[in-house]
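Quick mapping for you: the protein sequence lines, in order, are chains Z and R.
Using the working numbering, the first residue of the first sequence is number 236, and each one after it goes up by one.
Using the working numbering, the first residue of the second sequence is number 236, and each one after it goes up by one.
Source of the hints: derived by calculation from the structure; they are not laboratory data.
Errors might be hidden in some of the hints.
Note that the list lumps identical chains together, so a pair holds whenever it fits in one copy or between two copies.
Unchecked claim - In silico SDA-like pairs for lysine to any residue, Cα to Cα no more than 25 Å straight-line:
| # | residue 1 | residue 2 |
| --- | --- | --- |
| 1 | K518 | E369 |
| 2 | K515 | Y442 |
| 3 | K365 | Y442 |
| 4 | K436 | E392 |
| 5 | K299 | E523 |
Number of protein chains: 2
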Amino acid sequence: MKIFLVTGAAGFIGAAVARKLIDEGHKVITIDNLSTGYQDAIPEGVEFFKGDCQDYSVIKQLEKFTFEAIFHIAGQSSGEISFDDPVYDLQTNAQSTLLLLKLAIKTKCTNFIYASTMSVYGDKPDRPVKEDTELNPKSFYGVGKLASEHYLRIYSEYGIHSTSLRLFNVYGPGQNMDNLRQGMVSIFLAQALKNKHIVVKGSADRYRDFVFIDDVVKGFIKAYNSNKHGYKYFNLATGIKTEVGEVVEKIKSNLPFDVTVEFSGATQGDQFGIYADILKVKKELDWEPSVKLNDGLSKMVHFHQGL
Amino acid sequence: MKIFLVTGAAGFIGAAVARKLIDEGHKVITIDNLSTGYQDAIPEGVEFFKGDCQDYSVIKQLEKFTFEAIFHIAGQSSGEISFDDPVYDLQTNAQSTLLLLKLAIKTKCTNFIYASTMSVYGDKPDRPVKEDTELNPKSFYGVGKLASEHYLRIYSEYGIHSTSLRLFNVYGPGQNMDNLRQGMVSIFLAQALKNKHIVVKGSADRYRDFVFIDDVVKGFIKAYNSNKHGYKYFNLATGIKTEVGEVVEKIKSNLPFDVTVEFSGATQGDQFGIYADILKVKKELDWEPSVKLNDGLSKMVHFHQGL
């Protein structure tokens, strides 16, 4: 039985990755501060340490384990929220990574997978974004994630094989429906289920690349399995451009009742439009998405309606 | 009389910038933690707050001032030393900038000049480095400085005009001669003066771009005077490639006694060779260096011999 560290297993993506590893018969340890996740969401069987990944006294408790790999997924994950307290954001998204990389060195764990983000790119022209484009994050969140990517690259010269997965708009069953500032699809769906009314902050013609949680989990596992050659970084996305207005319509069409929609205002640090070029991840990680947006939304709607 | 904040005025560059402003009749406030600087080095007339720029309780004391501009120069400044404690490095070089930008917002100071570094570039081919090249810092120091550059760029959308000056190898009178891990010229000269023997960590054919402190101070002042249009960033260097072996020879030739030289080992996170393209700073900031390497070294040797 192998032991994995998955940070943030009380959150949407961390829980899904942890569940997958548990299902495959492994032991999973997690650290989560429950700031946006819920203890109930941590999959059964996961050993839970409550605290911040940027807190050395928390990380220190893990020095007794021999980890097969570290999946660092915890962290404040909203560009908008990062404007509330940029210093906290730097600590949760960059300092945490440093401490976990030091833990990896100390415990001789050489396999590190990092949940990075499309927010490292900033505003880009209307074409698929390649990994090697210039990086000009527009939010403190994006800056912290980018600093972490650099840390992985530097530590790869000291024997830690690592992969940064630049997640685009991840959605699916289990996404937090209580936080209306984090996760575009969950924000829209939560409003629709609660109020039959969706308020979209920003215009309908903005665009995104929506990737389903199961595909994302597969990406994390593939990255772990191929983590043998220094530092790598990939977009994890579908390569499909979807306008915000379109995803709103698709959510509406999956619901059995009418929903009104209102477009107003905008969000600090918001990228106008972005979608991924996924040639690199297809080729080097042998990963590609399999769930179509409408199918994924349908699964998500049914899951959350049933709650 | 205008009031300026110059962080790190107990250090080499901060002291020189503060002195220039004092000489022009302004009031200067500084924060310095005296970790590598000396209280004696703070120019006369500068109001001194002891503490860390990454410590909010220190920054808070400055909220009563109305600053004409903030020169953020404090910070751990060695790539090599940043490997000792990457978390501290992140705090001193990135968190500090966030707190000072928040101070700028709070006190309605719209002019911010930042001491960045050539270390944001990482390894580059053997030709002059332009500002828009890909940024792959090799040390935690470079990552923290780069995060700060991004913060300035983001805050420029909220009314703060700012300039990052990417300093290459700054040298000159006043450079710290007690710290043998920080400042290439000062390390060599200190060893020569003390032991008549220089130990160079790394090979003689590595190369750098050495820029004299007086030229650097002029660059800071020019940046302050032109800080009216969002975010800008420039190399501050001579554009001249000098091999490490050559600068050692020049130091030797400026000394009235014989010095032996030994090349051994290397330094973590060291860039092999780098020198700047300075077309952008010449054109947009109307700045160019005026002190030749041999003249600058001669001034420095005479200054420190006389101490």
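For each hint, the structure was consulted:
1. K518 - E369: both (21 Å within a copy, 23 Å between copies)
2. K515 - Y442: within (21 Å within a copy, 35 Å between copies)
3. K365 - Y442: Classified as within; 16 Å inside a copy, 33 Å across copies.
4. K436 - E392: between (43 Å within a copy, 19 Å between copies)
5. K299 - E523: neither (36 Å within a copy, 56 Å between copies)
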